[in-house]
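Q: If you want the building blocks of each chain, they are given just below.
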Amino acid sequence: MELITPEIGLIFWQTIVFLVLILILAKFAWKPILGAVKQREDSINDALSSAETARKELQNLKADNEQLMKETRAERDAILKEARELKEKVLADATEEAQTKADKIVAQAKESIELEKKAAMAELKSQVANLSIEIAEKVVRKELSSKEKQHQMIDDMLGDVTLN
Amino acid sequence: MIAQKSLKIIVTFALALLPVFSFASKEDSLAEAEKEFNATDMILHHIGDAHGWHFYGEGENSFTIPLPVILYTDNGLVTFMSSEFHHDTEGHHVVEKNGMHFVNLHEKIYQLEEGAHGVEFDEDHHPLNAERPIDLSITKNVAAMFITVIIMLIIFNRLASFHKKNKHAPKGFNNVLETFVLFVRDEIARPQIGEKKYMKFMPFLLTVFFFIWITNMIGLLPGAANVTGNIAVTISLGLFTLVLILINGSKDYWKHTLWMPGIPTFVKPLLAVVELMGVFIKPIALMIRLFANITAGHIIILSLIGLIFILESVGVAGVSVPFALFISILELLVAFLQAFIFTMLSALFIGMAVEEHEHH
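Protein sequences, first through last, are from chains A and B.
1 is the number of the first residue of the first sequence in this note's numbering; add one for each residue after it.
1 is the number of the first residue of the second sequence in this note's numbering; add one for each residue after it.
It is possible that part of the hints are untrue.
As the list claims (entries may be wrong) - Subject to a maximum C-alpha distance of 25 Å in a straight line, what follows is the list of computed DMTMM-like cross-link-like pairs (lysine to aspartate or glutamate):
#1 B:108 to A:2
#2 B:171 to A:41
#3 B:197 to B:187
#4 A:27 to B:178
#5 B:171 to B:187
Calculated from the structure, these hints are not laboratory results.
One chain only, chain A, in its complex shape:
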């Protein structure tokens, strides 16, 4: 019975001491300890989440870079292709133009040659005519001495002319 009979004095001391202990520890120990632990946990969580954000950002950046690279490559290819096409077109145009020009020149040359030839022929004809007249004059002068000769001469010459 003695074992389970509480002593009022002990209840008194236990209650007072325990109450004071709670109050002192709450103010000077539990509050700063729990506060510091909470703060540390918060900062760890913050650090973790910011690391996660950074990782995601890095991933995004990488993806962006890749996209950019892809776009750049495509653009370069397009430019190259365009350039090649342009070159071919220019080349083709130039060839064509040159051809036309050459044709034109040749035609012009042909025309001028034809003109020159005509002029030369005309001159030749006039010279031949002149020469013929001179010869005829000379012949006339020489052969006009005798009638027969005159006739013969004229006949010969006329024969020559027709032969030509």
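We have chain A already, so just place chain B on it with the hints.
A: For chain B alone, kept in the frame of chain A given last:
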């Protein structure tokens, strides 16, 4: 390394056998005094409270730290040191203070009636001419409680001052303490009380957890007091939980206790009686559990050691000392377990009381 290890084993065995020798010498003195060994008296003496802190020896030759006796009598407060009883617990030595006479009868102080010079007993050995004044003495248990308090103030002040200076996690013993602080917070308070309200009860839960644990462990030391195995101490601790429940009980809690919704009206008063009893039975269960577990552990160890003297053979020590050692190690576990259970159930009861029910 091996030599060190074997040295450790030898020292451990020597320490384990120490109680045998000390008890053996005690037995000799007992035999000289031709007193019969009474196991019940021995055990009750060891687990009970006392007005002096006895370590070893008998009577005038014993080593006992005297503690202050504080009595609230009809004529006001009376204080003197327990050494004034001269180790007498049979009511023979009368101490006179302020014209009042006191005796120590089995560690309870009695005030003799006016004119009496000695205690007279009836047939059941109850004193006839003496009354007990209100005894507010610093007994062995109160002194042991103070030691726990001082230890707690020192170690947690160190941890707190570490946290005031540093932002990183502590090392060594502070880290161990912090781990248990977090254990109480994350494994006990948070799941039982809930995220919203647990911070309010953390000071009580942490204090009660460490107080019970440290006191339990100190109680296992040789010569220490059996504080948490004393019903008065556990009553006080249980009262704290009860008061917290009564103060913080939500409207829903009282509604569910006194007028349970959702059941037929004629059952409601019946259930209210049962629920109201439950409010008080919960802390009473806490109180008895802690008291009984700690006291039982002490009784087992003392009984095993007592076997040596009951059977009057040193040979029994070969069996009972290893057994006592085994129980002591088990008690180390129980010391933690009981602190955990008390805190856990307190948190659970508080959690039930502060819970706000969802209204459907």
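Q: Could you run down the list of hints and mark each one as holding or not?
A: Going through the hints against the structure:
1. B:108 to A:2: holds, 11 Å
2. B:171 to A:41: holds, 17 Å
3. B:197 to B:187: Given that 25 Å is the threshold and the Cα spacing comes to 15 Å, the pair holds.
4. A:27 to B:178: holds, 17 Å
5. B:171 to B:187: holds, 22 Å
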